[in-house]
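Number of protein chains: 4
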Amino acid sequence: MAEITIDNARTIIASTIAKGQEMGLKPLSVVVLDAGGHVKAFEREDGAAPGRFAIAHGKAYGCVMLGMTGTAQMARAEQQAYFMNAVNGAFGGQVVPVPGGVIVRDNDGAVIGAVGVTGDTSDNDLEAALAGIAAAGLKGDG
Amino acid sequence: MAEITIDNARTIIASTIAKGQEMGLKPLSVVVLDAGGHVKAFEREDGAAPGRFAIAHGKAYGCVMLGMTGTAQMARAEQQAYFMNAVNGAFGGQVVPVPGGVIVRDNDGAVIGAVGVTGDTSDNDLEAALAGIAAAGLKGDG
Amino acid sequence: MAEITIDNARTIIASTIAKGQEMGLKPLSVVVLDAGGHVKAFEREDGAAPGRFAIAHGKAYGCVMLGMTGTAQMARAEQQAYFMNAVNGAFGGQVVPVPGGVIVRDNDGAVIGAVGVTGDTSDNDLEAALAGIAAAGLKGDG
Amino acid sequence: MAEITIDNARTIIASTIAKGQEMGLKPLSVVVLDAGGHVKAFEREDGAAPGRFAIAHGKAYGCVMLGMTGTAQMARAEQQAYFMNAVNGAFGGQVVPVPGGVIVRDNDGAVIGAVGVTGDTSDNDLEAALAGIAAAGLKGDG
Numbered sequence: 013m014a015e016i017t018i019d020n021a022r023t024i025i026a027s028t029i030a031k032g033q034e035m036g037l038k039p040l041s042v043v044v045l046d047a048g049g050h051v052k053a054f055e056r057e058d059g060a061a062p063g064r065f066a067i068a069h070g071k072a073y074g075c076v077m078l079g080m081t082g083t084a085q086m087a088r089a090e091q092q093a094y095f096m097n098a099v100n101g102a103f104g105g106q107v108v109p110v111p112g113g114v115i116v117r118d119n120d121g122a123v124i125g126a127v128g129v130t131g132d133t134s135d136n137d138l139e140a141a142l143a144g145i146a147a148a149g150l151k152g153d154g
Numbered sequence: 013m014a015e016i017t018i019d020n021a022r023t024i025i026a027s028t029i030a031k032g033q034e035m036g037l038k039p040l041s042v043v044v045l046d047a048g049g050h051v052k053a054f055e056r057e058d059g060a061a062p063g064r065f066a067i068a069h070g071k072a073y074g075c076v077m078l079g080m081t082g083t084a085q086m087a088r089a090e091q092q093a094y095f096m097n098a099v100n101g102a103f104g105g106q107v108v109p110v111p112g113g114v115i116v117r118d119n120d121g122a123v124i125g126a127v128g129v130t131g132d133t134s135d136n137d138l139e140a141a142l143a144g145i146a147a148a149g150l151k152g153d154g
Numbered sequence: 013m014a015e016i017t018i019d020n021a022r023t024i025i026a027s028t029i030a031k032g033q034e035m036g037l038k039p040l041s042v043v044v045l046d047a048g049g050h051v052k053a054f055e056r057e058d059g060a061a062p063g064r065f066a067i068a069h070g071k072a073y074g075c076v077m078l079g080m081t082g083t084a085q086m087a088r089a090e091q092q093a094y095f096m097n098a099v100n101g102a103f104g105g106q107v108v109p110v111p112g113g114v115i116v117r118d119n120d121g122a123v124i125g126a127v128g129v130t131g132d133t134s135d136n137d138l139e140a141a142l143a144g145i146a147a148a149g150l151k152g153d154g
Numbered sequence: 013m014a015e016i017t018i019d020n021a022r023t024i025i026a027s028t029i030a031k032g033q034e035m036g037l038k039p040l041s042v043v044v045l046d047a048g049g050h051v052k053a054f055e056r057e058d059g060a061a062p063g064r065f066a067i068a069h070g071k072a073y074g075c076v077m078l079g080m081t082g083t084a085q086m087a088r089a090e091q092q093a094y095f096m097n098a099v100n101g102a103f104g105g106q107v108v109p110v111p112g113g114v115i116v117r118d119n120d121g122a123v124i125g126a127v128g129v130t131g132d133t134s135d136n137d138l139e140a141a142l143a144g145i146a147a148a149g150l151k152g153d154g
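Protein chains in written order, with my numbering: chain V, 13 to 154; chain Z, 13 to 154; chain D, 13 to 154; chain Y, 13 to 154.
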């Protein structure tokens with residue numbers, strides 16, 4: 013299995029933020045986690061609210077730990093809210109089940125990490141994240 | 013009261029995983045808890061998401077601590093979500109109330125432990141768990 | 013980087029327990045974590061106290077998260093107790109800094125997981141763990 | 013009061029890592045917090061243990077929240093360990109009181125954030141952090 017590198021993470025973060033600026037989004041916060049759910053890199057743009065680390069982290073963390081995209085987590089939460097609540101109990105409240113959490117895969121499809129983006133609408137967050145991951149030559153599953 | 017043994021647990025886990033492979037399920041994670049709700053044995057198949065221990069554990073833990081099957085817990089959660097949320101507050105968020113959590117009973121009907129299976133749909137998780145428990149000569153109540 | 017497989021984990025656990033029985037140790041509990049600190053497999057022998065999962069986990073978890081062996085963690089705790097207390101605060105109290113926590117490396121020296129053994133003296137726990145890891149053809153650093 | 017900017021944070025992180033590489037240190041992890049103790053940016057070099065975010069964060073967090081440098085916190089912990097334990101109770105275990113936690117001040121001496129560095133010895137972590145902060149034209153108090 014490939015590992016997500018700090019060079020990958022730097023490209024993902026810089027390209028996600030650049031995409032957000034090009035789209036005219038509010039200031040973004042972007043986290044990159046490794047395949048174990050541990051923080052590799054993070055940036056919070058000037059003007060973003062101070063609590064954005066936890067939101068970005070929560071979007072990405074659920075992707076790694078459950079192997080589900082943010083979009084899939086949201087669908088499950090809408091169908092079966094008590095299940096996602098229970099999942100969050102099991103993970104110490106660290107899962108934020110909405111779009112903007114994206115699984116990162118290597119060329120063989122193995123999960124090598126996740127990206128979490130927050131700051132604008134969930135759909136815009138997701139669009140910026142996918143652009144950032146593509147810029148690093150990786151596959152995003154959001 | 014009989015106690016669930018490590019030999020029981022090994023048979024349950026191996027047979028649950030074999031059943032899942034035979035059914036063509038996604039990679040499974042299987043935990044066996046004793047009558048006190050404490051982990052006796054666990055395996056996570058290659059390819060399962062890293063957070064699956066917490067989900068498997070949460071399915072089994074509620075079975076032992078509440079004396080309710082995963083199926084019964086789900087029914088209660090759907091009728092009275094706030095109640096299962098409150099239960100989870102009392103149990104530190106460790107209860108995941110869906111099928112795949114199975115009470116294990118001895119021949120007299122006494123609870124001697126529980127099994128939690130996660131990885132595919134809740135219904136498929138449950139079917140594999142019941143096969144694993146039966147392979148150990150025990151009675152599963154899911 | 014290689015990944016620790018469920019086959020590796022099964023061999024490590026079976027061989028650690030066999031070694032403990034050969035050495036005449038008390039009943040052992042053995043956990044195998046992956047490179048992200050997530051549980052891959054666990055067994056608690058009949059006769060071991062119910063809380064042994066948390067101790068085995070805590071020995072292995074610190075190895076992965078800090079990149080330090082259980083022996084090195086104990087040395088640091090003895091020199092600078094407040095530091096290991098603070099580390100434990102940062103990791104939610106999950107680190108048990110004594111021998112019996114062993115880093116598992118691949119042939120290139122990369123950390124691919126950790127093993128935690130508890131039940132007898134820390135030194136005996138470590139000896140059994142190293143035998144189990146060697147039986148899987150891997151390198152243990154304890 | 014000036015605020016620490018994302019440009020400041022990028023320079024601090026890049027320069028701290030460059031300094032560590034120049035000094036021949038082990039792979040570093042570097043966090044920059046704002047004046048409210050909230051994460052602004054973070055990087056973990058390839059090869060660093062996965063748990064390093066929590067340690068870097070803990071070094072910087074105590075600096076902001078207590079207005080004490082990592083060096084001063086260590087002195088207090090060595091004199092009065094129970095006090096720093098109690099502080100950690102109040103702060104949810106998030107304070108790691110050793111060198112490598114550095115207060116960042118503006119030209120008027122106001123605290124605008126903190127940097128936390130971990131990976132090598134505490135003294136080397138501190139030296140790299142001070143170099144990174146100086147490279148951003150700011151004053152580090154370690």
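Simulated from the structure, these hints should not be mistaken for laboratory data.
Just so it is clear, the structure is predicted and the values come from calculations on it, not from any experiment.
Please note that the accuracy of each hint is not assured.
Put simply, identical chains are the same to the list, so a pair is met inside one copy or across any two.
What the hints assert, rightly or not - Each computed SDA-like pair below joins lysine to any residue, with the alpha-carbon atoms no more than 25 Å apart:
1) Lys38 / Phe95
2) Lys151 / Gly101
3) Lys151 / Gly104
4) Lys151 / Gly105
5) Lys151 / Arg88
6) Lys38 / Gly101
7) Lys38 / Gly59
8) Lys151 / Asn97
Do the hints match the structure? See the list:
Taking CA atoms no more than 25 Å apart as the test, Lys38 paired with Phe95 passes between copies only; the shortest distance there is 20 Å, against 31 Å inside one copy. When the C-alpha separation of Lys151 and Gly101 is checked against a cutoff of 25 Å, the pair qualifies neither within a copy, at 30 Å, nor between copies, at 29 Å. For a Cα distance limit of 25 Å, the shortest separation of Lys151 from Gly104 qualifies neither inside one copy, at 28 Å, nor across copies, at 33 Å. For the identical chains of this complex, Lys151 and Gly105 are neighbours neither inside a copy (27 Å) nor across copies (33 Å), given an alpha-carbon limit of 25 Å.
When the C-alpha separation of Lys151 and Arg88 is checked against a cutoff of 25 Å, the pair qualifies only within one copy, where the shortest distance is 23 Å, while the shortest distance between copies is 31 Å. In the homo-oligomer, the alpha carbons of Lys38 and Gly101 lie at most 25 Å apart only across protomers (24 Å), although the nearest pairing inside one protomer, at 31 Å, exceeds that limit. Within a single copy, Lys38 and Gly59 get their C-alpha atoms as close as 8 Å, which meets the 25 Å cut-off; across copies the closest is 32 Å, which misses it. For the homomeric pair Lys151 and Asn97, neither the shortest alpha-carbon distance inside one copy (29 Å) nor that between copies (30 Å) is at most 25 Å.
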